[in-house]
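For this one, chain Y is given, so just place chain Z on it according to the hints.
Protein sequence lines, in the order shown, are assigned to chains Y and Z.
Just so we're aligned, residue 2 is where the first sequence starts under this note's numbering, counting upward by one.
Just so we're aligned, residue 0 is where the second sequence starts under this note's numbering, counting upward by one.
For the record, the hints were derived by calculation from the structure and aren't laboratory data.
Among the clues, some could well be false.
What the hints assert, rightly or not - Simulated DEER-style distance windows between Cβ atoms:
1. Z/Tyr-83 with Y/Asn-275: 38 to 44 Å
2. Z/Phe-100 with Y/Cys-174: 25 to 31 Å
3. Y/Ser-224 with Z/Phe-129: 57 to 63 Å
4. Y/Ile-217 with Z/Thr-115: 45 to 51 Å
5. Y/Ser-224 with Z/Ile-114: 44 to 50 Å
Predicted model only: the values in this text are computed from it and were never measured.
Think of the CB as a built atom: it goes at the ideal place given N, C-alpha and C, for glycine as much as any other residue.
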Amino acid sequence: MKFLTRAFGYCLLPSLAIFLIISFIPASSFASDVGNCLLCHKYPGISRVDEDGKMKLFYVNESIFTNSVHTKVKCEGCHTDITKIPHEPAKKVDCLVECHIVEPSSEKKFSHKDVETFIAKSVHGKIDEKGTEKKYIEDFPECKDCHDNPLYRPLSFFKKVRPGISEASLGRCRVCHKKDEFIYRFYNHITTRLHKSRSPLNIAEVCARCHDDPGIVARHEMSTKAVFSYGETFHGKAAQYLDERVPDCLDCHVNKGESVHQMLSKENPDSSINDKNRGKICTNIDCHPNASPKLATYAVHSEFNLDQSPAQYYFTVFFIILTGGTLLPLMFIILLDIIRRFAPHAMIGRKK
Amino acid sequence: MATTTENIAITPEATEPERDYTYVEDVGNIPRDIYKYVKSDPLGDLPRYSLHIVAQHFLTFLTFLILASTGLTLHFADLWWAPYVMSLFGGPDLARLIHRFAAALMVLASVYHVITLIAGTVQKIMKKQFNISRTQIPILKDIQDITHDIRYFLGKEPYRPKMNKFMYKQKLHYFAIIWGTFVLITAGTTLLYPEMMATIWPNPQFAQDLARLMHADEAIMAITVIVFWHWSNVHLVPGRFPLQWSFITGKITREHQLEEHFMEYLHNLEEIPEEKEYMKKLLKDKGFETK
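Chain Y with its partners taken away, still in its complex shape (with noise of 0.2 Å):
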């Protein structure tokens, strides 16, 4: 007996200090890792160099993780290959796969998969309105070409002049829903969904991997340096800044009220870009809406070189001409007054 009781005095203050540690873990700590893959994940240099000689990194920044828009997806969730552990090399992941999330309304297991749908019918799909495939369907995009694991970007509207989460907000939903974690993410997730999670230039850079790739371009017969052409533009230079009211790509390009996954050819009626329907894009009532149609006939996507516009193209070169032009025999002028100014009564050729 006297043994017992010594044995869990002993004991107590141990176990009370790893209860203590334990319940200061932070709770997102607990988000996501139910197979406990951060044991080696959260190393910095877990790395390995694959078949062929790529350096491929398999560290999970924790922090990043638990406040991008997957955080409530357990590893195991999309890399569902993976099933003990030590593991073999995983293999990519599908997008396409339902995870153990439940949608709310439905309340049928969560999938992006009418995404591959939208796709399919779109001018990004591999297939075309005959049911042929596409020439050099290599270069069509698969999701991971333009999502990453986008974080969460909350938004508040409380009286407060920060962006990200309002406190003040938050006590409101506190009063009925007691879990902070669960609170937390259901705030990112809608405020998150109700702008842009990218800055026009992040969605510019995004397309341009494609559309300002020169072999890209050629092979697909495309008219322009997407983004380039987009860059000389007065909405390109303001996305330069940062400016997030600008139109980016996916503001002309998709069809008010679709998905970016329906993006149409500029040749398909229904397409926004449609010589129709261009004039539409512009008046939007939060962009131009006193202009008339004539403002979408100006050429958004103008590069000026000579392939494309010789008129501007020479036009420029008059103007490279003019200023050489000018300044070089004027520059030359001052260099021989100075140099005479050096020697004011040197004289060639006769004496003074």
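Below, chain Z without anything else, positioned relative to chain Y:
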């Protein structure tokens, strides 16, 4: 070989075989290199610009600097220094406003200048004082002056040409500014009011493209010309360094007037009795009178 200009009020007469003296009645023979002997106040001795012109230059020069710094920063948005300069102007939204405000002010200055020019010319014609050689209008003499000056720089002439109130450099620059202002205002208006200008241009889409190119190209040209040509000529070249005060005081130094605007100095002698006395005394003191 000095250029002769007979058809103005005071006839420069070459009395010496070298032709480097100019005879002025009541004053005497003025040697061409008299500017080496005159006393000059760095702030300027002789009138050159009216208060209107000084004000217009100030308006143009201040708005030009503002327009260039806001405009270039927007145009070169992708360069490393652009965000820093842009933050000085309070971000692209404010920079745009400042750019338009400065542009409006520059247009006003241009209108003010045109009014001054017209009114001044009319006034001079009424008083029968109009003299084309004292204006910015290019005349044949300017071409002769360029060749003469280059020959002087190359050591083929002993003296610089006797130039008018506005020498060839200044006339070139003045017409560059007229061209630049015209191009920039036209292109800028097309960019600022695309809708309105679409009703004016025969091919609005093409005009808009050209306006975008033209506004930036012409601005870059104007900036390089101002920095490398205008600033060099007025402040940096030997004899003008480190600063010419004319743009503030509206006056030119006697030395400069004699060297580069000799013909205008002859007008000064005619119009300013004190200047006549000064020159007379100087010639006597330096012993040029006897020659």
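Hints versus structure:
For Z/Tyr-83 and Y/Asn-275, the hinted distance range of 38 to 44 Å is satisfied, since their beta carbons lie about 42 Å from each other. About 46 Å separates the C-beta atoms of Z/Phe-100 and Y/Cys-174, a value inconsistent with the hinted range of 25 to 31 Å. Between Y/Ser-224 and Z/Phe-129, the C-beta spacing of about 58 Å keeps the proposed range 57 to 63 Å intact. Between Y/Ile-217 and Z/Thr-115 the beta carbons are some 58 Å apart, a value that contradicts the proposed interval 45 to 51 Å.
Checking the proposed 44 to 50 Å range against Y/Ser-224 and Z/Ile-114 shows it holds: the Cβ atoms sit about 48 Å from each other.
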